[in-house]
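Listed in order, the protein sequences are those of chains A and Y.
Its first residue numbered 1, the first sequence is counted upward by one per residue in my numbering.
Its first residue numbered 1001, the second sequence is counted upward by one per residue in my numbering.
Take these hints with a grain of salt, some might be off.
[Claimed, not checked] In silico lysine-lysine, DSSO-like type, Cα no more than 30 Å apart, as pairs:
| id | chain 1 | residue 1 | chain 2 | residue 2 |
| --- | --- | --- | --- | --- |
| 1 | A | K237 | Y | K1133 |
| 2 | A | K237 | A | K276 |
| 3 | A | K276 | Y | K1080 |
Don't read these hints as lab results, they were simulated from the structure.
Residue-level listing of the chains:
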Amino acid sequence: MISQALRQKLERCVDDRPDDGIFRIHRDIYTDPEIFELEMKLIFERSWSFLCLESQVPNACDFFSTYIGRVPVIVSRGEDMKIRVFLNTCRHKGAKLVIQEQGRRKYFPCPYHGWSYDTMGRNFTIKAEASGQYHDAFKAADHDLIQIARVETYKGLVFGCLTQDVPSLEDYLGDLRFFVDLYMEQSPSGMEFIPGRAVYTYRGNWKLQMDNGMDYYHLTSTHSSFLDIQAKRRDGKGNQAARQFDWAKRETQRGGTFLFQYGHALNWLSQPEAEKRPIWPVIEEIRARLGDLRAEWMLHLKNCIIFPNMQIADATSLLIRTFRPLSVDETEMRVYCMAPIGESPERRAWRIRQFEDFFNPSGFATPDDTVVYEDCQAGYQSGGTFHPGFEYGQGCERGRTIFQTSPSDLARQLGIHPTGSVEGGFELQQEMCFLSPYREWRRLMCEGLAQEEQQ
Amino acid sequence: MIPEELKRTAIDLVYLEAVLLDERRWTDWLALYDPNCEFWMPMWRTEEELNQDPDTGLSHIYYSSRAGLEDRIARIRSRKSPASSPLPRTTHIIGTPLLEEGSPEHCVVRTSWSCHVVFPRRRDPHAFFGSSKYHLRRVDDGWRIFRKHIKLVNDYIPTMLDVYCV
Chain A
1 MISQALRQKL ERCVDDRPDD GIFRIHRDIY TDPEIFELEM KLIFERSWSF
51 LCLESQVPNA CDFFSTYIGR VPVIVSRGED MKIRVFLNTC RHKGAKLVIQ
101 EQGRRKYFPC PYHGWSYDTM GRNFTIKAEA SGQYHDAFKA ADHDLIQIAR
151 VETYKGLVFG CLTQDVPSLE DYLGDLRFFV DLYMEQSPSG MEFIPGRAVY
201 TYRGNWKLQM DNGMDYYHLT STHSSFLDIQ AKRRDGKGNQ AARQFDWAKR
251 ETQRGGTFLF QYGHALNWLS QPEAEKRPIW PVIEEIRARL GDLRAEWMLH
301 LKNCIIFPNM QIADATSLLI RTFRPLSVDE TEMRVYCMAP IGESPERRAW
351 RIRQFEDFFN PSGFATPDDT VVYEDCQAGY QSGGTFHPGF EYGQGCERGR
401 TIFQTSPSDL ARQLGIHPTG SVEGGFELQQ EMCFLSPYRE WRRLMCEGLA
451 QEEQQ
Chain Y
1001 MIPEELKRTA IDLVYLEAVL LDERRWTDWL ALYDPNCEFW MPMWRTEEEL
1051 NQDPDTGLSH IYYSSRAGLE DRIARIRSRK SPASSPLPRT THIIGTPLLE
1101 EGSPEHCVVR TSWSCHVVFP RRRDPHAFFG SSKYHLRRVD DGWRIFRKHI
1151 KLVNDYIPTM LDVYCV
């Protein structure tokens, strides 16, 4: 029996009244352990999650281990070359079968009692089964690894879902695919992760990272020390090796956001320094392969959220970021630098320097973001209703009066059908992008709870 | 053979670097480095293997000159970086340095280290630890670092990592 109080709590988390120009997020959404438990069940178990690149498991018997929400999974390319995803847990006593993040194995033996599974997930050994005096009921049971309900790939990105009832991955991504293609088609040979990845944790809710990855408004305040360094580099001082962008130029550019179904959104900003993009030396190849429009948009800055666990930022270098909720106030990040397969050594080194400079947890920008999430968490943590309106943040207001739900000229030009959009100068630094993930959050949580009530 | 006096000053430099970082004497710290120094802390490639080439694998920090370190100090000093304000407090513990190669003009010193850090927001302490290999070059008034290669053993990072944490 689900309490009326819980339903009301969820409904008030996202106060969405478009006709009144109001969109507010309740601070409980970041701090309430009961809400967090429901998110794991109603969002992470029931949505597509990004798992890995196909190029991380290119050969038969390659595996990659990761999580969907809190559930450990193995992505395995079987001896038949098919990609399957299993729960990373032995059928016997539950031990994780794979500890390494990545590798190649012909079979997965459990380190505990030696039950073994092949790359297709089939159990082929129950150690000392013949002498085990097992009951027929045990012999009749299925001992294979549990395959997750859905696995699909799009342009080299592997996604999985723990439950059956989701749209196809193509439908899930919808017209965001126009932009996903721009990330994933930067080389005719596909995309890969550069060896090494940053893993770090922060003491804050997972949605604080989700928000920040789409937030342009914070750039000139949180990252003012980075912008100062950029200004110095512009004058030929400081570290030139990163060939970093001059943000003073970007602040004169046009940009905006497109909202899509299922919680996705994409922010863009036009590109005043195309020559600083590591794909610039091969832009003619890209133009010839994909046309002028796509080549131009490939050079633009584009940050997207693929709800609920993934961000792609093609801003300074090209990164994929996943976030794994550990608890209501702790999150693990994995950040990868993605690059075209077959890139020249010179472009590769340049890309790496750009990535490290900005995105590393030891870089010049990401640490300043991450500590601010902890400040937000600490600020939200107090709860309370002692001041009217205190419980709601005011963080989704910028761009409200020019937000449009009818197709914009730009959307028509790109041939996409976003559910909303905003376009303006950089100084707009819109916050309308947050409508999309939080509306999807509310839909999944409230509809999911209603389904639970019926069961 | 390296004269005892030169050997002692080379080893002292390693201890001195730790003191300068813990005491936030940034100008003095930068002066330990040659302007053309390499500063390299690679990421791990797998659970058991470090990246071996900064141009084909990611690093936590890679600079091919001191300018990168100077940028870091400018950011710390600006007081505009939230991650650097308030500045985390550190204490470096340096294992006995080993002089691996030595001549009057060039020497290689290895050491293990741990750095205890208190991040003001998290309050509880964290220890980064690893080992470092210094390539030192003789200059008029002593030694300068022209290459420092840091192996960070625990690179599961709580929130952030900066140059004074290693």
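Run the distance test for A:K276 versus Y:K1080: straight-line Cα separation, threshold 30 Å. 26 Å, holds
Checking one constraint from the list: CA of A:K237 to CA of A:K276, max 30 Å. Satisfied? Distance of about 17 Å is within 30 Å: holds.
Measure nothing beyond the straight line between the CA atoms of A:K237 and Y:K1133; if it is 30 Å or shorter, mark the hint as holding. Holds, at roughly 28 Å.
Violated hints for the displayed structure: none, as all numbered hints are satisfied.
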